[in-house]
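Starting from the known structure of chain U, fit chain A with the ligand onto it as the hints suggest.
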Amino acid sequence: MANLTLVQAVRDALMTEMALDPRVVLMGEDVGLNGGVFRATEGLQKEFGEERVMDTPLAESGIIGLALGMSVNGMRPVPEIQFMDFIYPAFDQIVSEVAKLRYRSGGGFKCPMVIRTPYGGGIKGGHYHSQSAEAYFAHTAGLKVVIPSNPYDAKGLLIASIRDEDPVLFMEPKRLYRSVKGEVPEEAYTVDIGKAQVVRPGKDVTLIAWGAMVPVCLKAAELCEPRGADCEVIDLRTLVPLDEETILESVRKTGRVVIVHEAQKTCGFGAEISALISEQAILSLEAPIVRVTGLDTPFPYTLEHIYLPDPERVALAVGKVTRF
Amino acid sequence: MLEKNSKLKKKTTKKIVMKAPAVLRADCFRVLDENNRPNEKVEPKLSKEMLIRMYRNMMATRLFDERGMLLQRQGRIGFYVPSFGQEAIQIGTAAALKNSDWIFPSYREPGVFLSRGAGLFEMLCNLWGNQSDVCKGRQMPVHYSFSDLKLFSVSSPIATQVIQAVGASLASKIRNEKDIAITYFGDGGTSENDFHTGLTFAGAMKTPTVFICTNNGFAISVPTQKQTGAQRMVDKAIGYGMPGIAVDGNDVLAVYSATQEAADRARRGEGPTLIECVTLRMGPHSSSDDPTRYRDAQVFEAWAKRDPIQRFRQYLERKKLWDEKKQEDLEKELKATLAEAVEKAEKEPPPQLDTLFEDVYAELTPQLVRQKEDLLAEQELRGKFENTSEAFPL
Ligand SMILES: Cc1ncc(C[n+]2csc(CCOP(=O)(O)OP(=O)(O)O)c2C)c(N)n1
Chain U
137 MANLTLVQAV RDALMTEMAL DPRVVLMGED VGLNGGVFRA TEGLQKEFGE ERVMDTPLAE
197 SGIIGLALGM SVNGMRPVPE IQFMDFIYPA FDQIVSEVAK LRYRSGGGFK CPMVIRTPYG
257 GGIKGGHYHS QSAEAYFAHT AGLKVVIPSN PYDAKGLLIA SIRDEDPVLF MEPKRLYRSV
317 KGEVPEEAYT VDIGKAQVVR PGKDVTLIAW GAMVPVCLKA AELCEPRGAD CEVIDLRTLV
377 PLDEETILES VRKTGRVVIV HEAQKTCGFG AEISALISEQ AILSLEAPIV RVTGLDTPFP
437 YTLEHIYLPD PERVALAVGK VTRF
Chain A
231 MLEKNSKLKK KTTKKIVMKA PAVLRADCFR VLDENNRPNE KVEPKLSKEM LIRMYRNMMA
291 TRLFDERGML LQRQGRIGFY VPSFGQEAIQ IGTAAALKNS DWIFPSYREP GVFLSRGAGL
351 FEMLCNLWGN QSDVCKGRQM PVHYSFSDLK LFSVSSPIAT QVIQAVGASL ASKIRNEKDI
411 AITYFGDGGT SENDFHTGLT FAGAMKTPTV FICTNNGFAI SVPTQKQTGA QRMVDKAIGY
471 GMPGIAVDGN DVLAVYSATQ EAADRARRGE GPTLIECVTL RMGPHSSSDD PTRYRDAQVF
531 EAWAKRDPIQ RFRQYLERKK LWDEKKQEDL EKELKATLAE AVEKAEKEPP PQLDTLFEDV
591 YAELTPQLVR QKEDLLAEQE LRGKFENTSE AFPL
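Each protein sequence line maps, in turn, to chains U and A.
Every number in our numbering is 136 more than the matching position in the first sequence, counting from 1.
Every number in our numbering is 230 more than the matching position in the second sequence, counting from 1.
In short, the hints are calculated from the structure, not lab data.
Among the hints, a few may not be true.
No farther apart than 25 Å at their CA atoms in a straight line, the calculated lysine-lysine pairs in the BS3-like style are these [to be verified]:
| # | chain 1 | residue 1 | chain 2 | residue 2 |
| --- | --- | --- | --- | --- |
| 1 | A | Lys380 | A | Lys556 |
| 2 | U | Lys456 | A | Lys602 |
| 3 | A | Lys614 | U | Lys355 |
| 4 | U | Lys401 | A | Lys602 |
| 5 | A | Lys550 | U | Lys456 |
| 6 | U | Lys401 | A | Lys436 |
| 7 | A | Lys550 | A | Lys278 |
Short derived list, chain A residues pointing at chain U, Cβ under 7 Å [to be verified]:
| # | residue |
| --- | --- |
| 8 | Val364 |
| 9 | Gly367 |
| 10 | Arg368 |
The C-beta atom is built at its ideal place from N, Cα and C for all residues, glycine as well.
Just chain U, with the same shape it has in the complex:
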């Protein structure tokens, strides 16, 4: 076991899987010599050579199109998009090509790959270094969407994603890159894609979150305890495919739900979860489902701490559903 930060766990997963599987190749902007702007690929080019860890020209559509071509020809690419805010030039390649290839070719072609990208706010990145754009991609059939919230899951989920036969968008909460540490086994292991985790059991209210909002919810749960509400916190870990059973089981127990995400409220992934609960467990609900989310505005710079959900705002929402 090693005590690693989240970004170190990502690097460790890449290192581990590259050593085991010669098909795994990394590509992206500054990932080679510089080891990635967040150091997620530090030293990997030195270890595995320039053909397996490639500094590409500055073009996201190029990076993903290249990865698709390599994937259909037998490689297992793990392209990096330097910031999720810069994924849009590759939107066409991801949404029209990568996600649909298996289906449109009647299963004749597939292009497993893991698109790694740091996402989210809280680091003074303004609106082009802070976005949490999961909803666009969760809305795209053919793509899996995975988001770890701690070092152990980061390694296990990343290895599982690389071994998966479908393309995976792997979103890394950059705010947690260095602020969380945890025990990570040295060997290869996987954490199942499509399985949520109850990270704090509770009986009064269910808090549902992913990525950097998981620690926010855990802190909120602490704030709520002396105020008389025992919160259960679910870390979804995978948005697509969604672990409906874990959500519903918790809701049937608590009857009260607060969903927390960084992205704007309208058409955020919280709406999907809310719809699921209404469809499948409406009779268990004791109060309306509440969403604590970013605002329906672009991501700001100076006032980002007001834009982003924080423990107190989540706790206020818990108060609302318990008092209902």
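Using the frame of chain U, we list chain A with the ligand on its own:
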């Protein structure tokens, strides 16, 4: 044949040294030689006032960048992007424009903003993202925007401005106005789709656009030689059906002349031009970057000797337009104005909470009205919001 070719290719790729060249490429147009003496045949005939104004703007840019980096290092602002070594490109191009021309800059052109007359105080307020920032604290530092000066809002995503400048210049052309558009981007920017569509559209539609490619050797850590298989960025021009010229980016007079000619062509209705300004980025990519991880010290030293400000100063001194005393006075004056503006800008409070909801649309939507009410009510309840932001890690 094929096999032979591919072998050949392999060999040549191996030979390419993956670092920026230590000397200026021989094909670059230049006015000043390496001793900073002008080639009289191509020396632009500029008035004394104009030459001094250009020098002044170069110095103002250097001091602004030094101050920006210092403020970041002191923890007074969150982030900064310096343009050290690129002053000649910024001031030379800007000097060749009319005030009615459109400018679509990247994030590394403070000197273009200063040349056009953007206010120091306003620019500094953007570094703090405070209530007097024209962007209302929504973008990171150095993302200026001055709509009244036709200085287009800086965007972080690379190269998006290239095709937009083509659109702006097309609008002028349709209305038979003589205004042109100029746009700036880096060597890395030439790999993005928006660069290719920009030059494709401009070539096809013969728009009055001037493309300035600042080839500073790097896109963060990636050297230009890894960005493209082309030997020179300027070679791309021919493929898009427009003339191109490579210039010494550390020679303000060469940059000025090339831009002037391209602007004249555009105004005459002869279409776009690509100008490759060859230089070396002398600072870090940004305040979050450590260039010693990837930059060759010798190459850096070699380019440091070609400092564009020093070179231009020598030229002016030989013309008896400049001396030590004038330099001292100028620095004193510029530093004093800067210090005064910094002091004033730093005192400005952050934007008000309700500004968060402005400008998403021309008018607030019902959803935004409700979210604003909710947030104001939350503020009532909580008193103040704890600032949980962490420092920008890049
Ligand atoms: C679309 C997009 N991808 C990636 C980035 C991250 N990024 C910021 S600057 C930069 C390098 C730009 O290099 P270049 O175009 O040569 O300009 P320079 O920074 O040298 O002025 C990168 C990759 C970005 N801002 N936008």
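Status of the hints after comparison with the structure:
A threshold of 25 Å between alpha carbons decides the hint, and for A:Lys380 with A:Lys556 the separation of about 32 Å lies outside it, so the pair is violated. With a C-alpha separation of about 18 Å, the suggested pairing of U:Lys456 with A:Lys602 holds against the 25 Å cut-off. Distance restraint check for A:Lys614 and U:Lys355: the Cα-Cα separation of roughly 18 Å lies within the 25 Å cut-off, and the hinted pair is therefore satisfied. Between U:Lys401 and A:Lys602 the alpha-carbon distance is near 13 Å, which keeps this suggested pair within the 25 Å criterion.
At most 25 Å may separate the alpha-carbon atoms for a hinted pair to count; A:Lys550 and U:Lys456 exceed this at roughly 76 Å. Using a Cα cut-off of 25 Å, the hinted pair U:Lys401 and A:Lys436 is violated, with the two alpha carbons roughly 44 Å apart. As the CA atoms of A:Lys550 and A:Lys278 are separated by approximately 10 Å, the hinted pair is consistent with the 25 Å bound. For A:Val364, the interface hint is violated, since its Cβ never comes within 7 Å of a Cβ in chain U; the closest pair sits about 13 Å apart.
With its C-beta approaching chain U no nearer than about 3 Å, A:Gly367 sits inside the 7 Å limit, and its interface hint holds. For A:Arg368, the interface hint holds, since its Cβ comes within 7 Å of a Cβ in chain U; the closest pair sits about 5 Å apart.
Checked against the numbered hints given earlier, this structure breaks hints 1, 5, 6 and 8; the rest are met.
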